[in-house]
Amino acid sequence: MEIIILILSGILFATAIYNLLQKQLLRIVIGTALLSHGAHLFILTMGKLKTGQPPILTDGVSDYTDPLPQALILTSIVISFGVTSLLLVLAYRTTQENKTDNMEQLRGKANE
Amino acid sequence: MSNLAVLPIILPLVAAIVLIFFNSKVNVSRTLTKVFSLIGLGLSGYIVWEVLKNGTIILETGDWVAPYGIVLVMDSLAAVLVMTTNVIAVACAFYAPSAGLGEKENYYFYPFFFFLITGVSGAFITGDLFNLFVFFEVLLMASYALIVLGGDKVQLRESLKYLLINLFSSMLFVTAVAFVYGAVGTVNMAQIAQRVQEADQQGILTTVGILLFFVFATKAALFPLYYWLPKSYVVPNPVISALFGALLTKVGIYSIFRVFTLIFVHRVDLTHEVFIWFAGLSMVFGIIGALSTSNIKLIIAYNIIPAIGFILLGIGVMNETAISGSVYYLVHDMIIKSALFLLVGVIAYVAGTSDLKKMGGLIHTYPLLGWLLFIAAFVLAGIPPFSGFIGKLLLLQGAFEGEHIIIILIGLLTSLLILYSVAKIFIHAFWGDKDAMGPIEKKSTKGMVAPIVFLLALSVIMGVGAEYFYPIADSIAAYLMDPQIYIDSVLKE
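Protein chains in written order, with my numbering: chain X, 1 to 112; chain H, 1 to 493.
Excised from the complex, chain H in its bound form (with noise of 0.2 Å):
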């Protein structure tokens, strides 16, 4: 039973090979891509009713006995962010044969993106550190390969900076990681944790964390380290675009979650109290550069810098509430980015520009992308009833037991601007005389409406269906506030 923790990286990986020798014909790729995408998405659904039923699945590779091997621990957090991962792959899946990647789909386009799934899934369920950084290594990998497709003039240069900055991180990690083995002895998580509960997180202890943190959130794009990302989003295919804003990011955040739910738990005072405020700049950094632009692509890979800010709020906070807020605000935002980024490619193709104030009057011509728009600004923005409102009612109402005014502040004024931000799209390219445009061709979008309803559709029952899904995001955090099942689980006491 326990090697179902290892499948999800399993599947991505076969259908990446298999996908490597069908590549010059597109549509055995693109039939098989659906396939195995499908099949992925039903898998990890079973993953996630199995854990919830039964509890942590851990996989100890090779059977080496868990401080001294690798183990994958597929807890209830890792099982819903794996499932999440492959909701998107499908959507992703649906919508590349239509989105206009041309000959590029050719250059060896579906391989990659499954790798990319393989490194994601990966770093979600591994238990080990340093095979986390091996993970990263995959996914940014194919991240390397994807956003270069091509080979645009414009890709190149900026694919250049997004693989220096991740080289550098990279080699922080491993820095860090090896720090961590010169401290505890030891690169197993569970271990870590119970070696530094047991060192009381001292000095150097607590650095070694703020290292690892930082590295984290250049992958994450906090502030003040988010330059790279903006630009590098921009410049691949929308489908592509839909994936990086969806899932590298969230990979980064995802770690902090974990290192610093797991283990830098001893400290809250050094390590989380400054996060708050890291939350805080990143959500108002973020909206200022969404807001200081009219390229519709620009605003939403801007709008990916104040969610992860919401995101470590709830970790900063560090109660239940907020936890189960921040880990609920996570899934939502995966859902939603990669909407966002899926839409906005439709929305520039049909204009034939990604530039705001040469678009507007597309409602005539294209009614049912203007009020999918509409439905997304209000998910992202956290109008009830969609989803992005039950996360940040908790984040904010846990905030508010923490007693964290100010930040609450910040955090409603940033979900106005963000909604501003979206709006700003849904005014310019759709209000306005038929005619804005001059005369235009309606083109059609057939294929790449559909994924789009189907992630927006989730977002809303995210929202409406909240009874269902909260209690999941409750027992997660419950699960996250307490590291000794963590612990336990894997070491076996």
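Chain X on its own, in the form it takes in the complex (with noise of 0.2 Å):
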């Protein structure tokens, strides 16, 4: 399951990369949208995947969830969320006032 849950983690990290590289603004944020589901699904899988465990220690049960990469990705997840609604913002922002969503085309002119 490990296994498996770290190659989609890597086709995300791929297509993530991709979508960075293009020079459409809205393709751009998408890249970043889906970096960010790779890395955390990365370190959901760094604590183990173990299915029907509770995450709680208990003095004698030896079989349960790490509960740390879950309160990591919880972190993770509520920053990525907030950081992309302000891309958005910016990127629609700049697309509106530079009349441009090409990154070609923002490149700027030297001494501004």
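Any given hint could turn out to be false.
Claimed, not checked - Computed list of lysine to aspartate or glutamate pairs in EDC-like fashion (alpha-carbon distance at most 16 Å, straight line): (1) H:161 - X:104; (2) H:161 - X:59; (3) H:153 - X:101; (4) H:153 - X:59; (5) X:99 - H:152.
What the hints assert, rightly or not - Here chain H is said to cover these stretches of chain X; the calculated rule only asks that three of the stretch's residues, wherever they fall, bring their Cβ under 8 Å from a Cβ of chain H: (6) 49 to 55; (7) 77 to 86; (8) 95 to 106.
Said to hold, decoys possible - Simulated restraints on C-beta separations: (9) X:84 - H:20: 19 to 29 Å; (10) X:49 - H:26: 49 to 59 Å; (11) H:400 - X:63: 55 to 65 Å.
Derived from the structure by calculation, the hints contain no laboratory data.
Glycine included, each C-beta is placed from N, C-alpha and C at the ideal position.
Make the complex out of the two chains shown on their own, each in a separate frame, by following the hints.
Written as structure tokens, this is what we have:
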């Protein structure tokens, strides 16, 4: 199971980077979203996937789900949610002000 | 007593929240900002004194014992850097009202200012790798808001790129933390260090270390990951540029400091040797950038990169002299970079342009500004007796002890070119006929010069009074060279 999830997160990373390297702004935004999904799945896998076990450690119980990666992911999801929404607004405003959503034309000039 | 460790995070956070309510009342905001930043400076000064006297302050948040909860570790390095951060905050707080922010001052500038300080202080203090990521995000969020404040065309364009590169490196940071967790099963820095030591830092751990280096190098703008920096630091208001230039990249280099003097120290031949080359290349490419432009703000922004190179050089050489040089240079650079950004802000304001080719003869109208820039150039380049000299001397001495001769030559040559790049501003903007720019109206620089004088005076004192500051840097270096002290103080074994 771990291997499958790792491959999945690898695919997410690859598609994310492909999208990040595009010129259209919206594709880049989607790329960042995919990137964060890949990273989050990866954290989850690092704590080992065990289905059907509670994340509690009591005396005598040796089979439990690691709660720490879940706490980390929760924090990270909230952050990337916030950044993505900011990024969308920023991309929208940039496109409106500069009248283009092509990164090639958003290079700027010397001495501004 | 251990609650002292969290106060530098709480205070700016409270200040930011209070200031949100006074957003529409500019005068109240200004006064409150000055008061809060002065309290912060006093508090951090007290913490430095306390830490140097009684040793590291450790706070286990929520009473969760060390490896399980988040720990805040206020050691001597963190304390000194938090204090420097607060010094810069004070200077910027007093500069901001006259910085020409205009109506942008009402766009929640002051709350974001304090959120930035919160994030920076937190990143310095935390003893938990994932918590470091969280504080990075806190300061980055504030910086996204500050860089785009006002929403000009250029600002929007550059902040988009700034946000994208930082988002990408943050996600890599999370991935690197996951790798660390997968490999050693903890995110507490002291425990990571302990377990890496036990595992003798085998292949996979070094790889994870390099991934972390890549993340921090992006934030710190090292070669070859600095392309995002110059333009995005130029577009916002000078006071925001000063905060960014002084604090943001330094948090990145601080993290490299922490991770590579505490955790990944067992394969110096594989990791630290490479840093020396990155340091040299950062110096060379940074200074080429600075020489290539005639925009005074860009010149200063490019000058950040060689400075980061110098600091990394000390970490790469990794002996006590070089590390103390790095610490000294780090503090020096935070102060002088903010002073220079504020200074070129004033120059661009009085000249009405930031293009060097259109300036000239300013010394007749603004003699004080000219001489301040002259001193600042000397401080930056490391002319004795100013603070840059002490830092560079220690760094190069350390490199000499480590027998890295080529890097010494690169460092010396870079210093010379740094002096030239800033002296170029002095020559083109201040020398020349009185009427070189046509009849200029003398603009008031009231309120803008005092913070710069304050910062420059500190730089001069740090150089002339090195006798008092060097022992502190030396003790920090001795402390950093022995990771066991940090591990023991956090895990209490």
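Hint check results:
no.	hint	in the structure
1	H:161 - X:104	12 Å, holds
2	H:161 - X:59	51 Å, violated
3	H:153 - X:101	13 Å, holds
4	H:153 - X:59	61 Å, violated
5	X:99 - H:152	13 Å, holds
6	49 to 55	violated (count 0)
7	77 to 86	holds (count 5)
8	95 to 106	holds (count 3)
9	X:84 - H:20: 19 to 29 Å	23 Å, holds
10	X:49 - H:26: 49 to 59 Å	54 Å, holds
11	H:400 - X:63: 55 to 65 Å	58 Å, holds
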